[in-house]
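First to last, the protein sequences are chains X and R.
Under numbering that gives the first Met the number 0, the letters of the first sequence match residues 0 to 271, in that order.
Under numbering that gives the first Met the number 0, the letters of the second sequence match residues 0 to 271, in that order.
Simulated from the structure, these hints should not be mistaken for lab results.
Derived pair list, reagent style BS3-like, types lysine-lysine, alpha-carbon separation capped at 30 Å:
#1 X:119 x R:11
#2 R:119 x X:11
#3 R:54 x R:119
#4 R:54 x R:11
#5 R:119 x X:119
#6 X:11 x X:54
#7 X:119 x X:54
Covered by chain X, per the in silico footprint, the following chain R stretches (three or more residues, Cβ under 8 Å):
#8 43–53
#9 131–138
Far from chain X, some chain R residues (derived; all Cβ distances over 10 Å):
#10 69
#11 81
#12 200
#13 201
#14 225
#15 227
#16 235
#17 251
Glycine is no exception: its CB is placed at the ideal position from the N, C-alpha and C atoms.
There are 2 protein chains.
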Amino acid sequence: MKCPGLYAEGMKRTVFLVSDRTGITVEALSRSLLSQFDHIPFDQVTLPFIDTLDKARQAAQRIRQTARDGVRPLVFSSLTDPEARAALADSGAFFLDLFDTFIEALERELGARASGEAGKSHGMGANYGSRMEALNFALAHDDGVGSRLDRADVILVGVSRSGKTPACLYLALHYGLRAANYPLTEEDLARPGLPPLVAPYRERLFGLTLSPERLALIRQERRPGSRYAELATCQGEVRQAESLFRAHRIPFLDTGAMSVEEIASSIAHPAR
Amino acid sequence: MKCPGLYAEGMKRTVFLVSDRTGITVEALSRSLLSQFDHIPFDQVTLPFIDTLDKARQAAQRIRQTARDGVRPLVFSSLTDPEARAALADSGAFFLDLFDTFIEALERELGARASGEAGKSHGMGANYGSRMEALNFALAHDDGVGSRLDRADVILVGVSRSGKTPACLYLALHYGLRAANYPLTEEDLARPGLPPLVAPYRERLFGLTLSPERLALIRQERRPGSRYAELATCQGEVRQAESLFRAHRIPFLDTGAMSVEEIASSIAHPAR
Chain X
0 MKCPGLYAEG
10 MKRTVFLVSD
20 RTGITVEALS
30 RSLLSQFDHI
40 PFDQVTLPFI
50 DTLDKARQAA
60 QRIRQTARDG
70 VRPLVFSSLT
80 DPEARAALAD
90 SGAFFLDLFD
100 TFIEALEREL
110 GARASGEAGK
120 SHGMGANYGS
130 RMEALNFALA
140 HDDGVGSRLD
150 RADVILVGVS
160 RSGKTPACLY
170 LALHYGLRAA
180 NYPLTEEDLA
190 RPGLPPLVAP
200 YRERLFGLTL
210 SPERLALIRQ
220 ERRPGSRYAE
230 LATCQGEVRQ
240 AESLFRAHRI
250 PFLDTGAMSV
260 EEIASSIAHP
270 AR
Chain R
0 MKCPGLYAEG
10 MKRTVFLVSD
20 RTGITVEALS
30 RSLLSQFDHI
40 PFDQVTLPFI
50 DTLDKARQAA
60 QRIRQTARDG
70 VRPLVFSSLT
80 DPEARAALAD
90 SGAFFLDLFD
100 TFIEALEREL
110 GARASGEAGK
120 SHGMGANYGS
130 RMEALNFALA
140 HDDGVGSRLD
150 RADVILVGVS
160 RSGKTPACLY
170 LALHYGLRAA
180 NYPLTEEDLA
190 RPGLPPLVAP
200 YRERLFGLTL
210 SPERLALIRQ
220 ERRPGSRYAE
230 LATCQGEVRQ
240 AESLFRAHRI
250 PFLDTGAMSV
260 EEIASSIAHP
270 AR
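Looking at chain X on its own, in the form it has when it is part of the complex (with noise of 0.2 Å):
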């Protein structure tokens, strides 16, 4: 026997992520709508290439099945084509509709009617060729190696650990930027002026830097008891890094407490 207030107790509510193709923008719109109600617990399920009416059938099937057996389920869509979205509309689901909420405002407004056709916002756009570009180039560049400086969009310069890599492959896979990175070293920083490699390209440097004891924290873990996790090595390091980067006028991040995404989104659009 179902008893449905305690079964909706127990039960984590299932949100449906359906798309007619890679389901990344639905993801991205319900993380952050959902984000908004973070002490209900939430089961995602990502249902991606829903682009025949067949799919979206088997889709909805589904989601009233879930729906059937607990609480009603939220869904997400950004299906583009109608009977598609009427068929999944149809699942007994809490039913949020990319395409018919923003499509129409949107077209009144252009004054021209939506293609109608699967979503192509992830696929192999334009400036796809440029963005794998971007990335073979940021791999080849990163941690002080590669050749071809002169080609970069931006230098990532930091102590090590500071967290260039990540940001420079989410610079290049995200924004299509080349991102190159350079690690500052014990010689580096003891020397006056800036990195002979890096110099003749001052205006493209972006710096990164973070508290002496993140930064201990995180070299521990690489290398535990070592001169390098040591908290004084950190904080000489850190300390003369950034008197590099306000010496030269770099500007610089501490990113300390910040997510790969949210570095990439500061040097990617620079405040101005």
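Given chain X, put chain R in place with the hints provided.
Then chain R, alone, in the frame of chain X:
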């Protein structure tokens, strides 16, 4: 003198993407919706980290200026603060408010109030550590190197230049999967059975393939005129690789016309 008709015709429509955090969600939403109007030229401006009323007013000022200079701009906003949203809405633009549109309906459905805190979906959330760990794993287990394949969530296999590295990086960065990759060499393909290094993990293998013609094109860019890039070589390798996948019931994808996001989404959400 302004000549409105002429002005509008030659001009791109400016789209402002305004967020109190990275802007990644609102960029994805706008890209997805505007890809439905692909004959209209848009000029995108992302304004991330609009996290004070002051910054919102400055953003509104900038948008108002654009509205004055040409065609009415579009604004996609995911701001959560009511005052900041009001400031932005009052900018003379065509205003799509992500928060306003969906949050009330969600509040009713969930029987809970939105927290109203700035978006956290691309911040250092609960799974951030594991995403970064996955990225380090992917970097350390690229192209057949790395010693901890037993810890991999997925191991991509395929001939040289079938797109394994970008897919692994995306799987790690975006989906938090520990993704390794192993290149099928001519030696591997000539030998019966799976390569010894990956054979113990058959159920975690995922194959990438593409047409020999496309592979030859990609390899030509890398090593023009080489035997490695010859069509006959590519035909042989692709045929053998696909036979291997079939013989060992390894799921595989033809990545020739797929973006890295599409490949990663297919692998992260296998069809049931």
